[in-house]
Each structure stands twice: as C-alpha cells, then as structure tokens.
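Listed below are the residues making up each chain.
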Amino acid sequence: MPEPDPPSGVTELLRRWNSGDREAMDRLMPIVYDELRRLAAGYLKGERPGHTLQPTALVHEAYLRLVRQDRVEWQNRAHFFGIAASMMRRVLVDHARRRQAEKRDAGGFRLTLQLGEAFEAARDPELLELDQALGRLERLDADQARVVELRFFGGLTVEETAVVLGISTATVKREWRTAKAFLRREMASDDAGS
Amino acid sequence: MPDSERNPEEWRRVKQILADVLEQPEDRRAGFLDAVCAGDATLRRRIEALVRAEAEPWSFVDGAAAGSFLTRDLSGRQLGAYEVVEEIGRGGMGAVYLARRQGDFDRRVAIKVARPGLADPEALRRFLAERQIAATLEHPNIARLLDGGATPEGEPYFVMEYVDGEPLLAYCRDRDLTLDERLALFRQVCAAVGFAHRNLVVHRDIKPANILVTREGTPKLLDFGIAKLLAEDSGEARSRTATMFRALTPEYASPEQVRGEPITTASDVYSLGVVLYELLTGERPYTLATSEHDELVRVVCEVDPVRPSAAVTRSRDDSAAAVPRGETAGSLARRLRGDLDAIAMKAMRKEPENRYASVAELSDDLDRFRRGLPVAARQGTISYRVAKFSRRHRAGLAATALVLLAVCAGLAATLREARRAREAEARAERRFRDVRTLANFFLNDFYDAIRFLPGSTPARQLIVQRGLAYLDSLSLEAGDDPSLLRDLAEGYQHLGDVQGNPAQGSSMLGDMPGAQKTFRRAADVRERLAASATATRQDRLALARIDSLLADSYTLDGEYRQAIDLARRSVGLMSKEIEAAPSDPEVLRQLAHTQINLGSALKMANHPDEALAAFQSALAVYEKLFTSDPSDIVDRRRLFVAYYKIGALENSQKRYDRAVDVFRRAVSLAGESHRREPGNGAVSRDYSFALEGLGESLVSVGQLREAVDILSSRRALQQELADADPSDANARIWLAEGTCSLGEARIAAGDAAAGIRDLQEARAMTASLVAKHPDDVSARMELAHSCTALGGATEGAESRAWLEKARDVYLGLRRDGKLPPAVEALLARVEEQIAESGGTR
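Each protein sequence line maps, in turn, to chains A and B. Going letter by letter, the first sequence gives residues 15 to 208 in this note's numbering. Going letter by letter, the second sequence gives residues 179 to 1019 in this note's numbering.
Among the clues, some could well be false.
Claimed, not checked - Short derived list, chain B residues pointing at chain A, Cβ under 8 Å:
#1 W189
#2 R190
#3 K193
#4 P203
#5 A227
#6 E232
#7 P235
#8 D354
#9 L355
#10 D358
#11 V380
#12 L989
#13 G990
Read the hints as simulated data drawn from the structure, not as lab findings. C-beta: ideal position from N, C-alpha, C; glycine also.
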C-alpha cells in the first residue's frame, strides 16, 4: 500500500538535535508520536492481517521511516527508543481507553471488529491496569519502569534493553523480574479491590 | 492499598531483597528469608507475596514483550512444506530449528525463524514472488538457501540446507589441528566468500559461529543471503537498524558496519580477518567490556588490535588450549611474527580501502605464505605507519574535509556571481544552503570527533585555516538571515575552540590571540542576533555563553577588567533567563559555569573574597546536579572544576588546611574520571591539575612526603600527555611546571640534590618554550617561576643570578601589560630577595 514520505523537516531536526539543539527534540516528538500512532492504528485495525501485538515492529518501522534519509547519526539511540517506547505506551493505552468507551456506549460488542482487533480489545482492561500499575512503579523507581517500558512497549529483548540503557543484561533481568512481581501484585490487589 | 511500598527508598530495599531471594533455589528461600528479614514479619510477608506474584505465569506480558518471540518454540509446527522437529539453536535474531520435508523424512533442513520487525515484509514478499531463491548461491562450501516464507504470526523464516557440523573454532580445537591445517580450512572459507562476492552477494555477518565444519572436514558458511534480505533495500537506514542489533556480536563487525554505514565486500574481508586472528591466536582481537553501543563503536573504530604474535606471547598461560598442535606459545609467536601478523592486520584495517581489495587476494597471500614466498601484506607497511599524525582512520576524513572546505570557499565565491542573475538566484540559494549544511557537518561534527584525541593537532591546524577562510566568505553573504548568522557564529566558535579555548581543557594550538579574535567575531554575530527583532531565548543564551567564553579567554591573557565585565554581563543575561524558566537545568549549568569564569577573573584581579563567593555559588549548583546523577561525566567535571578553583583560591589566600581538604575531593573526582577513561587527554589533564593542587597544599601544611608522592604521580601523568602530542605547547608548559613543583617539594622534604635537578630541568624546558612562543604569557610566567625556585634553592652568586633572571622575566611581562596583579606580589618578593642578597636593583 502506498505510504506517504516522512516529513521533510525530520532530517534537519535530527541533525539539530544531534548538535545539541534541544528544541529540535520538542518539535520532533509530535512527529514521531504521529508516526507511531498511525502505524499502531494500522496494525490494530487489522490492516496487517495475522499480526498480533507487535511493539517491536511498530517501533522499528517508525524508526526506519523517520530515519530513512541520508546520513543522520542518532547520537543517543537510547533516547529514541526510550521515547518511542513511552509513546507506544500512550498510543496503546489511548486506543484501549477509547475502545472501552465505545464498548460502553455501544452497549457491548455491537461494532464489527476485525479478527485481529477483537483479540486486542479483549486485552484492553488488562492493558489499562498494567499502565496504572506501571505508573505506580514509575513513582517508586523510574529507571526500573523504563526497563519495563522498553521491554513491553518497545518490544526490546534483554540484550537490546541492556545496550540501549547502557547497563548489563544481568541487571536488566533482575529489574524485569522484580518489576513483574511488583506489577502483578499491584494488579491483583486492584482486582480484589474493585 | 494494603502493604505497598510508600517511597523509593522502601522499594529499593524490598527490590534488592526480592532479587536476591529469586536467585536462590526454591528449597533455600525460606532459610534465606529467615536470615535477611531477621524477625521482621511484615517485611517477610511482603517479600513472600512478591515472590508468589512473580511465579504466576503471565502470558500477557511475557507474550507481548518481544522476548517471547525468542522463547517461542515452534516444535511440531508446520511451516510451508516442512515439519519442525526441534530447536537446535537460538540467537539474538531468532531461533534455528531442525525440520523435515513432508513426505520425505530423510530430507533434513534447518529453518531459521527471525523476529518480526527485522525484515521488511515487502522485500520478503518480493523475494518469494520473484523466486530469487533459485538464484541463490550454489557452492560446496556454502549452505544452500532453499526456501522462505513467513509464519502466521508474521515472523519471516528461511529454509536452509542442514549442516551437521561443528563451529569452526571448536572443530579446530577438538581435532587439534596444526597451524597449516587451520589455514587450509580458512582458505576454503575464503573460496566460498570469494565466490559469493563474484555473484554480487555480501555476507555481512561472518563469524566463527556461522562457519560449520562437517565430519568430513568440509567447512560450510551459513546465513549467506539472509543478512542481505534482513538489511536490504530502501535505504541505508534499514541496514543501520539491523546492524545495530546485530552488533550484539560486534567483535566481528567492521568499523563501517558498526557505524551503520553501507556494507561492501571489504566488510566481509574485515570479518574474515577477525576470524583469521582468532584462528591463529585463540583470542579475539578486541575485548569489549561493556555492551554499551557507543563504547563498542569506539573500540571497533579506534582501538588498534595487538598483533597476533604479541597476543600469543602475552597470554602464554591462559590459552594453552588454543595453541595448535605441534606448537608452543613461543614457537607459535615466531611463526606468526612477520608474514601472518601482516596478513591478519591488513585484512583488519579500519579503512576499507587499506584492506585486501578482494577475498581472493587474502587467500592468495596466505598461499604465498604457505609456499614461503614474500607476502603482499608486508609491502607498504612503513608508509602505512608513517601516516600516524592523525589517527589512521582519521586521515581519510581529514583530507576529505579539507577538500570540501576548499571547495566550499571557492563555491561561495562562485555563487556570489551566480546570484546576480535573477533566474539562477533561487537555485543558487538552495545549493548554497546545502553546501553550508554539508560544510557545517564537517566543520562541527568532524571537530567533535577529533576533539579529545591527543596527537591530532596538525590536522586541526589545517582545518582552522581553511575553516576561517570559509566562514569569512560566508559572513559576506549572511546579511540579516538569522539562521545563517547562527551557523556562522557556531562555526566561528568551533574554530576558536580549536585555536585555543581554555575552557575545553583539550589540546590547544596555543594560539590564544587567534582564538580571541575568532571568538570576538562570534560574539559580534551573537550580539546582532540577540538584539534583533527575531531574537530567541536561545540567541540570548548563546550570547551569554560566548561572553562567558571570551571572559575566560581574557582572563588567561591577563585582561582581567574586560573579563570581569563580560562575565558579569553574561551572568546578568542568564539570571534573567532563569527567572523566565527556573527549572531548566541547562541554563543553571551555564550560569554556574560563568560564575566559575567570573571567579577566575576576580581572583586574578586580586579580589579573592568575591572570587570565592562566585565559586561557591557555582559549586552549590554542581553539587546538586552531581548528586542527582553521579554518572554524568560533564557534571562530574564541572563539580571537579569548582572544587579545584576553590582549592586554588584557598591556597593563594594561605588557608592551606582548607585547600588540602578541598583538593582531596577534587583529586577523588578527577581520579575516578581518569580511571574510567584512561585514554582521554582532557581527563588526564584535569587529574594532573588536581594532583598539583593537592601536592602544593600538602607542601604548605608540611606533609612533605605525601606531597612528593602526589607530585611525582602528577609529573608522570604530565609526561604522558606531553609525549602524546609533541606539538601541544601547553602540555609542555604544564610538564615544566609540574617538574618545578616536584623539585621544590623534594627540596623541602630534604632531598636537595634531586630537587635541584628537577628545577634545572624545568627551567630548561620553559626557556626553550619561551624561545618558541615568546607571546605566551603562561610560558614566561613559568620560566620566571622556575628561576625563582632555583634562586631559592641555591646560594650566593648563583642564587642571585637566578633571582635576577626571574625578575627580568616578570618585568618584561609588566612592560607588556601582561603581569597579573596577583603575580606582582611574587615579583616584589623576588626583588626583596635580591636586595637581601646584596644584588643590584
């Protein structure tokens, strides 16, 4: 399917950001966000049949599309993936919230959903709870929450997360494991409470 | 929420315990918890709840994290015409399975399933549709690619000929092959790669794990053509992303690969070189301590590997197992020395154009070695080493940059003519901007790249000359265009840095007057920008920054009044911006930095209390920043600078005890940085300054033995720095100073003979420096200092002669208006001492 070219200012913004112009990042973020959102919508609407939730693919695709042109070196790739992963989270959570709202308004699954999306829609409550629990973790340990974001929303492997954050794989594993314990506990007690 | 952590500290504690408990085997956890919780029942309950939570399966999270695609097991599944039997391997890119063709159970294949997102669905679809599989390589040493597809979950897979064999290095070890047998195997591998290259296929991922050797001794290369697919098509960006993650085994990746640049057959030559290296020595040429990407880029692109023969001798004890049959470590080193060394190193050159032009050439050279004929790799080695002044891989860049700058300067002139014609004006304008952007890239980014290397000064001198010419021509065209003006200002600033920015702390050309002139040009442009109607906050801050920089430069040059005025103006500008945006840490940093500059100028202008106040304001900011992120290198350095300045001030005010305390802190900060970056010239310089401060303070409080130790270390460090960059004038001044200080300390500690020797060495050094750079104020002051010290260490007529010499130098400085007020006191003391010894005025 024909895709529009990425915005022409992106390369320039990337270059500026690379040279230390922090304002460029502010202008870049909405562009990246839009890109991710568009892609996510495409995936979740089942435009790519057979694909389930694939954060990796989305983030990678966004990255490739935005950096397609010439020789731009991302000085700090960690920033991009950190940001993309956070955006991914926002995108998915927003999407889930909207669908929940539609479901309530429409009084159940009256809307016809593609197969892929129905699968995703069933996951919505869990995704929203996870987002909340992750928010709590963020307040206690921002670095650890970052690991979760990169792994779950950015879809990075343990090795990739280690590379991006500049820490050891052993640390990533420990952080991931203890984070899961925390999140699970939080989500379970939420269930019990509600 | 029942029993949750309320604050970060609490969570951190719980997390630590939790992580430790999870690492225990299940039957030991209870006991472990007993010990750790020590009766705290609430804590224990909490930990147990978390452990329980972790143990529950959670497909939602585990499934969605891409890790799941790695741990997913396809055994028993159907993939196209094949049935998956079992998993035989797993890596960063995906998993490899053994599979059988349906209906033909003897036909075994290997299926590599890659994670989604790594392959472009379009390219894969095209690949399958156009049946490019048929065009894949057929060669006895290449594992054939048979088929491909995608799973319903969207993972691309590749069906390959199944190779029952051992990876290359393990094979050589297990069968205990001789050196010649290993080389023979390697040449078969070369044949395969050469064949592929002739068919226009680059492997891109050659490593020992991708070379399997069958029971019959036939090496087979895996994954040919797959790397291409996974990194192919529209744009280099794709290969960069894939490459970035493939750089998880970066020891075999070529510099261009690791930097994300286009891959050519030369990249394969490089990787083969690394494999050869390992085959010969049992070790890899690079060890990467961290998996941090920037570190790995640096090591692969900049660090030269040790020659194979040297590597073997070095690890005599450890790699006994890797030594081929029939050799000892010693005999192996002998065989490797010379030809094989040269061959391996030539294949692994950083610049592709310096490697073997083809795999066939590499193989031929190995054959020549085998037959005892002279090898091509050893020709031209000397000229290769001679190109040493810019780090090898920089030479090409420097040349290109210069050519480009020259072109730009010429082009700017040509374009000026073209602009007269109205039709061409729009076109020229656009081209002009492109040229500008391109030139800026080289001017700025290249400079950033070479900034921290000691030993790159001649390259910088050339850049500076050309760069100035270019910028001056640009300034004629700039008019009122703010973006052009900004680029212009930045360009001037970068050039000024190279000429001699004291704040940079890196090797300077020692051209202070030149740097100042350039910075003033930058400041003029910045003033225009800040005053114009389209001024942004950035413009004002940039003006504040350049004022601060100029202030610093003036200080070093002895123009204290101007320095103080500029620094104060800068502080004023920044304080206003802070009011507007109080939470911007960058502006706070800038302000603190300017306070440091202001303090320096105030100190030199003999206002020590005001200076101390300024330093302490800066210190407060830096302490806060450093505490919130102790890993930030820049903040650590700034904190260090603040401590250092305060220490120096306390010293000059004779509050030596305080100085010692402060300098100890500075030494610990700088020492830490030096430990982390031993090759970084700027960091070494800082450390040496800190050691100086501590050393001299220790002398002043009478702790002489420790002082001598500290100052010796410092001198050794300074010697290293001076040796690293023979054209760095400042490094030599500092070495002289360090030698002088050490000498004085030794004398004070009772070792007069050694001390005087040091002083004489210092004096000789400074004398020759002053002869070479008569304008350099620091050099002259240092000469005076060493003469004064000699005067103090000797007696009678000799002493007087030295003191008179010192006085003459000081007077000369005063005549030139370059004698800092703080140094007047030293001159006065010298004159006193001359008078005391009965000398003439």
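Broken hints, numbered, in rising order?
Hints 4, 7, 8, 9, 10, 11, 12 and 13 are the ones this structure does not satisfy, whereas the remaining hints hold.
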